[in-house]
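*Asks:* Each protein sequence line maps, in turn, to chains D and F.
Residue numbers for the first sequence follow our numbering, so the first one is 4 and each next one is one higher.
Residue numbers for the second sequence follow our numbering, so the first one is 331 and each next one is one higher.
In short, the hints are calculated from the structure, not lab data.
All C-beta atoms, glycine included, are put in the ideal place defined by N, C-alpha and C.
Among the hints, erroneous ones may be present.
Unchecked claim - Across the chosen pairs, the derived CB separations fall in these ranges:
(1) F/358 x D/89: 25 to 33 angstroms
(2) F/346 x D/66: 38 to 46 angstroms
(3) F/355 x D/66: 26 to 34 angstroms
(4) D/37 x F/503: 27 to 35 angstroms
(5) F/390 x D/9: 45 to 53 angstroms
Next come the chains, spelled out residue by residue.
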Amino acid sequence: MTQEKQRFKWQKMSGDTVTVGDLSVTPQSRSLAIRFPRGGWVLNRPVAVLVERGDEKRRIPIVDVTRIARLGLYGLSVGMAVVGLVMWMKERSGSDE
Amino acid sequence: MNETFEQLTATSVESQEQAIGLIEKLFTVAQPNAVFSEPLTTQGRTIITAAEINVGLGVGFGFGGGTASASMEEKEGKGRRAMHADPHERVDLEGTEPASEEGEGSPGEGADAGMGGGGGGGGGASGRPIAVISITEDGVQVEPVVDATKIALAFFTAVGSMFFMLTKMRKAAEH
């Protein structure tokens, strides 16, 4: 029986549960796996932890502060570069006339 | 020569199978155990670290064969001339060694052309800490890990872009 291999897999998975006293903590991660004919690429990052105490359940998200800050700053850079490029193109078209 | 070709082919196939096996191992990184560490308990506190993993891998192979370099017609022609000649007379063909009495072509002619093969691969991996999960009897705390170097680099990139934009704005205002 041949196993079908997905070329693109984007999934959330739960890890092994850790029990401390009456607390149960289950980590969750999200992975992106792309399969090429002669290679592959995997990106895997943590997303949250599930905390259970008795009947109480809580989901604590794991925030990647560095990623958010970088995305914001690089997004700002790209935005300003685009504005500057547009102004340069307008200036150039104005000087041609 | 055929034996060498077969050996090379077998080695190439074996290398390709090993490479494909390595690629399959790559996808084991897509498991939660790869980003979360084993819990470490110390002084009544259990610590689990969380990191982002990024892995890529690629391989490539190529192989070629070869055939007799001399044309078949040329080989058959020489063989025919050697067959019809006096078996006791040695025929000296121009640019070649004398034909043998059996009428075969000269030894050394029509040798197999070369063969080639190659393979290569490359890959990269990176890991970055994201957070530290601290578990005590009181509760669970998730403390993010902030990479100041990466943020600083992004900041300076933003400053450079801002400078570029302001320069263009000033030039536009002057005109």
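*Asks:* Hint by hint, say whether it matches the structure.
*Replies:* Cross-check of the supplied hints:
| no. | hint | in the structure |
| --- | --- | --- |
| 1 | F/358 x D/89: 25 to 33 angstroms | 47 angstroms, violated |
| 2 | F/346 x D/66: 38 to 46 angstroms | 43 angstroms, holds |
| 3 | F/355 x D/66: 26 to 34 angstroms | 31 angstroms, holds |
| 4 | D/37 x F/503: 27 to 35 angstroms | 47 angstroms, violated |
| 5 | F/390 x D/9: 45 to 53 angstroms | 22 angstroms, violated |
Checked against the numbered hints given earlier, the structure breaks hints 1, 4, 5 and satisfies all the rest.
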